[in-house]
Amino acid sequence: EAGVTQSPTHLIKTRGQQVTLRCSPISGHTSVYWYQQALGLGLQFLLWYDEGEERNRGNFPPRFSGRQFPNYSSELNVNALELEDSALYLCASSRDRYQPQHFGDGTRLSIL
Amino acid sequence: LAKTTQPISMDSYEGQEVNITCSHNNIATNDYITWYQQFPSQGPRFIIQGYKTKVTNEVASLFIPADRKSSTLSLPRVSLSDTAVYYCLVGESGTYKYIFGTGTRLKVLA
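Chains G and E supply the protein sequences, listed in that same order.
1 is the number of the first residue of the first sequence in our numbering; add one for each residue after it.
1 is the number of the first residue of the second sequence in our numbering; add one for each residue after it.
Among the hints, erroneous ones may be present.
Simulated pairs of lysine to any residue, SDA-like, Cα-Cα distance not exceeding 25 Å [said to hold, decoys possible]:
#1 Lys97/E <-> Gln99/G
#2 Lys69/E <-> Gln99/G
#3 Lys69/E <-> Thr53/E
#4 Lys97/E <-> Glu75/G
#5 Lys97/E <-> Arg15/G
#6 Lys3/E <-> Pro100/G
#7 Lys54/E <-> Asp96/G
#8 Lys97/E <-> Asn79/G
#9 Lys3/E <-> Gly40/G
#10 Lys3/E <-> Asp85/G
#11 Lys97/E <-> Glu84/G
#12 Lys3/E <-> Gly42/G
#13 Lys97/E <-> Ser65/G
#14 Lys3/E <-> Ala84/E
#15 Lys69/E <-> Arg57/G
#16 Lys97/E <-> Thr20/G
#17 Lys3/E <-> Gln44/G
#18 Lys97/E <-> Pro70/G
In short, the hints are calculated from the structure, not lab data.
Please take these sequences and the hints and turn them into a complete structure.
Here it is as structure tokens:
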């Protein structure tokens, strides 16, 4: 069974640009979660999608947004990039909110 | 805001049992407690999940007291390859936002 896949693995952007990160969940999983892991700040919850709807979001500004497609894959969009957005962005999926989340290996985003 | 705290680091020797505790004072009533292992440049890897009392699988045990304000991950007979950062994950009461613990860096010595 294929795990959660994320693309791209690495990305370099400059301040003010926009970026889109992609996630394919494990087959049969309908919930997708996004987390940010910045140096020194630990793992921070960003967004949760289930059945195509945004169910909850963490304490991040509106320039962090996303969506979930009918095939349950998901995108995370970040507008007006700032230096502090440099981080590892992790996607996870689960069968439902009560089942364990399984993570991909993330997209490393560097802002210059 | 929920505070989910763990010891920053722990050292152990090969073959010993390691217990890592997570304090989660504002856990959601209906949410599970999940533990993960993370190696550098990789995503967190699922270890074990529980709701209350004790859960055991082939690699770990999870102990959860009745008030669910803490949980303890137990790793029996650790090996060098268990050197990693360990995180707990809970849902926050009221908001149902997901909160990761602060992480515990475990170093296993030969």
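query: Is the Cα-Cα distance between Lys3/E and Gly42/G 25 Å or less?
result: Answer holds: Lys3/E to Gly42/G is near 13 Å, not above 25 Å.
- prompt: Regarding the pair Lys3/E and Asp85/G, is the alpha-carbon distance no greater than 25 Å?
  reply: 23 Å, holds
query: Between Lys97/E and Gln99/G, is the straight-line Cα distance small enough, at 25 Å or below?
result: Between Lys97/E and Gln99/G the Cα gap is close to 15 Å, so the pair holds against 25 Å.
field: Pairwise hint evaluation, Asn79/G against Lys97/E, where the allowed Cα distance is 25 Å at most
entry: 23 Å, holds
25 Å Cα cutoff - pair Lys97/E, Glu84/G: Judged against 25 Å, a Cα distance of about 22 Å means the pair holds.
- request: Measure nothing beyond the straight line between the CA atoms of Lys69/E and Arg57/G; if it is 25 Å or shorter, mark the hint as holding.
  value: 23 Å, holds
field: Lys54/E paired with Asp96/G [C-alpha distance capped at 25 Å]
entry: 22 Å, holds
message: Check whether the Cα positions of Lys97/E and Arg15/G lie no farther apart than 25 Å.
response: The given pair, whose Cα atoms are some 29 Å apart, is violated under the 25 Å limit.
message: Run the distance test for Lys3/E versus Gly40/G: straight-line Cα separation, threshold 25 Å.
response: 16 Å, holds
query: Does Gln99/G lie within 25 Å of Lys69/E when you go C-alpha to C-alpha?
result: 20 Å, holds
query: Is the hinted pair Lys97/E and Thr20/G satisfied, with a Cα-Cα distance of at most 25 Å?
result: Holds: Lys97/E and Thr20/G sit about 23 Å apart, inside 25 Å.
message: Can you confirm whether the C-alpha distance between Lys3/E and Ala84/E stays at or below 25 Å?
response: Between Lys3/E and Ala84/E the Cα gap is close to 22 Å, so the pair holds against 25 Å.
Taken one by one, the earlier hints fail for this structure only at number 5.
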